[in-house]
Amino acid sequence: MNAIIIPTPLRKFTGGAGRFESPAESVQDLLEDLVQSHEGLRPHLFDNGGDLRSFIRVYVGDEDIHELDGTATRLSAGTEVSIIPAIAGGIA
Amino acid sequence: MTSGTPPSNNWSPLGHLGKPTGSNTAHSGNAHPEALVIRCSFDVLEKMKRVSLGAYPGEGCGFLLGNDGEEGRQIRLVLTVDNAAGEDQLRRFQMTPLDFLKAERTAAKHGMEVLGIFHSHPDHRAIPSTHDLQGALPHLSYVILAVDGTGPSPEVVEIRSWQLGDQRLFAEETLQSQRTNTP
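Order-wise, the sequence lines are chains C and D. For the first sequence, position 27 matches number 27 in our numbering, and the numbering has no gaps at all. Just remember that our numbering sits 92 ahead of the position in the second sequence, which is counted from 1.
No lab work stands behind these hints, which were simulated from the structure alone. We treat Cβ as the ideally placed atom computed from N, Cα and C, and that holds for glycine.
To give an idea of the chain C side of the interface with chain D (calculated C-beta under 10 Å), a few residues:
#1 R53
#2 S54
#3 F55
#4 I56
#5 R57
#6 Y59
#7 D64
#8 S82
#9 I84
#10 P85
#11 A86
#12 A88
#13 G89
#14 I91
My request is simple: use the sequences and hints to build the entire structure.
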């Protein structure tokens, strides 16, 4: 079983839960299990094209998936994955 | 800073503090955010203003920590964050994932939550831009301070708060300040 940690601002879509567990063996499958269980999360994690939003960072342990195999990153049993937002904005 | 007659509970509405500055396109809708009222103590408000003025002509930013209650959202603590937007910080702000993790840990340590972020719009209105919308998260209050730099010294002329609704559109919150700090 693997687990994904949900940041506080997104917990309203998980009934307040900060942790979601799934037997998924890749980041992509884990995220998909998460949004299928909590559909309200989908528009905040994925854009209309189904890609992970640019300001949503996913870490496997302490490593950003961009430094691994992206959402295709494989997970060994007992891995903890974290969703962490990079807050950005501005006038233009 | 206050407008009109302060209500008996000492909370005063904010909004336009002086002349509007620049222009922005509002990316807002009619979706109802979960926290319609956001309250900031005088100290919290002053800190946001200091950071915004200090960052001018760049954008200042930080996290807002506090608690949600029946009477609305109470912001108790401001965590200032260095703008990580680099050369783009004249028109952008960025807070890293590590900044967010630190803010969540600080909030937990004080029995609070990360409830919002603030940032300044130098020489632009305090309304969300397209870029603000693209990076917005639900549940958080987005307090924007408009800084007007056309006078002898920069001045905060507008402070407004927004929250993302279910349709990923911003709705404005009622932002109130209190003259005296809350216990």
